[in-house]
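Participant: Protein sequences appear in the order of chains X and R. For what it's worth, our numbering labels the leading residue of the first sequence as 1, then goes sequentially. For what it's worth, our numbering labels the leading residue of the second sequence as 87, then goes sequentially.
Derived from the structure by calculation, the hints contain no laboratory data. Among the clues, some could well be false.
Claimed, not checked - The calculated DMTMM-like cross-link candidates involving lysine to aspartate or glutamate, where the alpha carbons are at most 20 Å apart (straight line), are:
(1) K12(X) - D30(X)
(2) K54(X) - E23(X)
(3) K324(R) - D24(X)
(4) K476(R) - D38(X)
(5) K289(R) - E167(R)
(6) K324(R) - E23(X)
(7) K177(R) - E167(R)
(8) K341(R) - E227(R)
(9) K476(R) - D464(R)
(10) K265(R) - E178(R)
(11) K467(R) - E482(R)
(12) K324(R) - D41(X)
(13) K269(R) - E106(R)
(14) K166(R) - D464(R)
(15) K223(R) - E236(R)
(16) K54(X) - E78(X)
(17) K387(R) - E17(X)
(18) K270(R) - E167(R)
(19) K32(X) - E475(R)
(20) K289(R) - D427(R)
(21) K226(R) - D395(R)
(22) K270(R) - E178(R)
(23) K324(R) - E55(X)
(24) K476(R) - E83(X)
(25) K54(X) - E83(X)
(26) K25(X) - E475(R)
(27) K476(R) - E31(X)
(28) K166(R) - E216(R)
(29) K324(R) - D38(X)
(30) K269(R) - E178(R)
(31) K476(R) - D30(X)
(32) K301(R) - D131(R)
(33) K12(X) - E78(X)
(34) K92(R) - D257(R)
As the list claims (entries may be wrong) - Covered by chain R, per the in silico footprint, the following chain X stretches (three or more residues, Cβ under 8 Å):
(35) 38-45
(36) 72-78
Remember, it's a predicted structure, so these values are computed and weren't measured experimentally. Quick reminder that beta carbons are idealized off the backbone N, C-alpha and C, glycines included.
In case you want the letters, here they are:
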Amino acid sequence: MALTLTCPICGKRNGYEFRYGGEDKGSRPDEKGLSPADWCDYVHMNTCTAGVQKEWWFHRDGCGAWFSTYRNTLSNLEVDRPEDST
Amino acid sequence: MLFTYKSLWGKKPRLKSSYEVVIIGGGLHGLATAYYLARDHGITDVAIVEKRYIGFGGAGRNTAIVRANQRTQYNVPLYKEALDLWPVLTKELDFNLMFNNCGNLNLMHSEAAMKAARMTIATAQFHGVESHLIDAKQAKEMVPALNISEDITFPIHGAMYHPPGGIVRHDAVVWGLAKGCAKKGVHIHQQTEATAIHTQGGKIAGVTTSQGHIKTPKVLVSAGGYSAGVINHMLGLKLPISVLTIQAMVTQPLKPLLNHVVSSGAYHCYANQTLKGEIATGAHMDPWPNYTTQTTAHYIKHQAEALSDWLPCLRGVRFMRIWGGLADMTPDMAPILEGNDPIGGFYMDCGWGYFGFKSCSAAGKYMAQFIATENCPDMLKPFNLRRYEKHQLMGETAALVSYTPDN
Ligand SMILES: Cc1cc2nc3c(=O)[nH]c(=O)nc-3n(C[C@H](O)[C@H](O)[C@H](O)COP(=O)(O)OP(=O)(O)OC[C@H]3O[C@@H](n4cnc5c(N)ncnc54)[C@H](O)[C@@H]3O)c2cc1C
Ligand SMILES: [Zn+2]
Chain X
1 MALTLTCPIC GKRNGYEFRY GGEDKGSRPD EKGLSPADWC DYVHMNTCTA GVQKEWWFHR
61 DGCGAWFSTY RNTLSNLEVD RPEDST
Chain R
87 MLFTYKSLWG KKPRLKSSYE VVIIGGGLHG LATAYYLARD HGITDVAIVE KRYIGFGGAG
147 RNTAIVRANQ RTQYNVPLYK EALDLWPVLT KELDFNLMFN NCGNLNLMHS EAAMKAARMT
207 IATAQFHGVE SHLIDAKQAK EMVPALNISE DITFPIHGAM YHPPGGIVRH DAVVWGLAKG
267 CAKKGVHIHQ QTEATAIHTQ GGKIAGVTTS QGHIKTPKVL VSAGGYSAGV INHMLGLKLP
327 ISVLTIQAMV TQPLKPLLNH VVSSGAYHCY ANQTLKGEIA TGAHMDPWPN YTTQTTAHYI
387 KHQAEALSDW LPCLRGVRFM RIWGGLADMT PDMAPILEGN DPIGGFYMDC GWGYFGFKSC
447 SAAGKYMAQF IATENCPDML KPFNLRRYEK HQLMGETAAL VSYTPDN
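Take the sequences, apply the hints, and build the full model.
Facilitator: So, in structure tokens, the structure goes:
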């Protein structure tokens, strides 16, 4: 199996049930005074981390929940929240 | 002597303490850029640093499909030039690149897809690239093994036929370019990983590698699927890229049955028969970023189902090998070719997704011009990084096959 993810409602499920929702970039920036560069940063730019990253997932073929989790992009394994993360 | 052989790309050079240009990544784009820096601009004081061996990345893993029938007017001329360069390079490098000009057939499975194909064909024809629309019966005449019955998952309505494309031997391109580079004095350093890029006053100053430090005013990152991670890690620049693992596989060798590269967006599957007789077929990507290059049972099943639908004579045929590599996908399915912005002397050539083989010769030629003259050639201007913040994404996502985590 390539990937399993833990939905907060349904528990551990096959990765193909989910849709990847992007790197977790924090909350949507305030539109007041937002520059095109900052918007682009939020919408398109990625860190492409080779290691553990916090990211969004959507349980598309399940309960429909959006949640964030930590995954190691080098192994495709979901991991516990690292100690130094926010 | 029977058992002694020389490396095609010369003796192992010593890593010097400075170079005029350092290229990170000994893949197709790094090698091609170095070759054209030497050939067209007389710049031979160039080091290619490669963390593993040349061809380790996508260069040695791709399925070698070449074509010039992209969707937009910015992309077609670049890919056309790349396509036209195969026979030229074969002569110039004195290396058989084994261009099998078998032509490409893109299957269409709906009337809407036929309309989209008309647009793509008009773009190709406008740029002098041969491309035609054919109906299902004509496709069947060209590929008798094709299933054009109406009771399959995605019945075939017609196809886009692109005669100038085909297959080029990917390893030969790596070896031929490396040989060409070495002959002109370029240093190829294998087993040499770049670990840091240094800047001073907003300009490139040097590169640290696993084999030592190099002073240089110009760096090109052409590290394929690793580029975006490398650039973020070493320079703190973020790119609009998602790195996915893409898989491909071959069947056992068969008698000749497939004389074209045939692909289907709806089945998400392409296939061609190699000169050895294997059916080479791809290309699944799990749509979540990862660097694993792992293969999956999920995909073997997908491919078996798809192929037994539209090429039913392959039912029961065995897969022999399956492998994976990285594809660095951008939201507009077009690459990023940028330089001197925001760091002087810093160049990048990445975001090629699964198109970076067919484009490497022309991209290398123009990247070399960019690096040598420090001015972006007109051909590369549309591929600048700032297009994303200007909301000028390229329309390549409207191409017939489009697959990224962004859509
Ligand atoms: C399965 C598969 C099928 C494909 N099919 C096709 C196809 O049919 N047609 C097509 O046009 N394209 C195809 N592609 C895409 C194509 O292979 C890539 O776009 C292309 O190889 C990119 O070339 P590159 O030179 O930029 O990178 P690569 O060829 O990937 O080379 C990058 C090199 O950089 C090195 N590197 C990375 N980090 C460092 C570092 N820190 N220091 C030093 N070196 C480093 C790597 O080891 C690697 O050798 C396919 C790819 C895959 C994986
Ligand atoms: Zn759920």
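Participant: Each hint should be assessed against the structure and marked as holding or not.
Facilitator: Hint by hint, here is what the structure shows:
1. K12(X) - D30(X): violated, 34 Å
2. K54(X) - E23(X): Roughly 6 Å separates the two Cα atoms, so the pair holds.
3. K324(R) - D24(X): holds, 14 Å
4. K476(R) - D38(X): holds, 11 Å
5. K289(R) - E167(R): violated, 32 Å
6. K324(R) - E23(X): At roughly 12 Å apart (the allowed maximum being 20 Å), E23(X) and K324(R) satisfy the hint.
7. K177(R) - E167(R): holds, 16 Å
8. K341(R) - E227(R): Status holds; Cα separation ~18 Å.
9. K476(R) - D464(R): holds, 18 Å
10. K265(R) - E178(R): The given pair, whose Cα atoms are some 11 Å apart, holds under the 20 Å limit.
11. K467(R) - E482(R): Holds - the C-alpha atoms of E482(R) and K467(R) are around 16 Å apart, at most 20 Å.
12. K324(R) - D41(X): holds, 8 Å
13. K269(R) - E106(R): holds, 18 Å
14. K166(R) - D464(R): holds, 15 Å
15. K223(R) - E236(R): holds, 12 Å
16. K54(X) - E78(X): holds, 10 Å
17. K387(R) - E17(X): Satisfied, since the Cα-Cα distance of roughly 17 Å is no more than 20 Å.
18. K270(R) - E167(R): Distance of about 23 Å is beyond 20 Å: violated.
19. K32(X) - E475(R): holds, 17 Å
20. K289(R) - D427(R): Within the cut-off at roughly 10 Å; holds.
21. K226(R) - D395(R): Holds - the C-alpha atoms of D395(R) and K226(R) are around 14 Å apart, at most 20 Å.
22. K270(R) - E178(R): Roughly 13 Å separates the two Cα atoms, so the pair holds.
23. K324(R) - E55(X): With Cα atoms ~16 Å apart, K324(R) and E55(X) stay inside 20 Å; holds.
24. K476(R) - E83(X): Status violated; Cα separation ~38 Å.
25. K54(X) - E83(X): holds, 12 Å
26. K25(X) - E475(R): The hint holds at about 17 Å.
27. K476(R) - E31(X): The hint holds at about 16 Å.
28. K166(R) - E216(R): With a Cα-Cα distance of about 10 Å, the restraint between K166(R) and E216(R) holds, given a limit of 20 Å.
29. K324(R) - D38(X): holds, 12 Å
30. K269(R) - E178(R): Distance of about 12 Å is within 20 Å: holds.
31. K476(R) - D30(X): holds, 19 Å
32. K301(R) - D131(R): With a Cα-Cα distance of about 12 Å, the restraint between K301(R) and D131(R) holds, given a limit of 20 Å.
33. K12(X) - E78(X): Status holds; Cα separation ~10 Å.
34. K92(R) - D257(R): Roughly 17 Å separates the two Cα atoms, so the pair holds.
35. 38-45: Contact hint for the stretch 38-45 of chain X vs chain R: holds, 5 residues under 8 Å.
36. 72-78: holds (count 4)
When the structure is compared with the earlier hints, violations turn up for hints 1, 5, 18, 24 and for no others.
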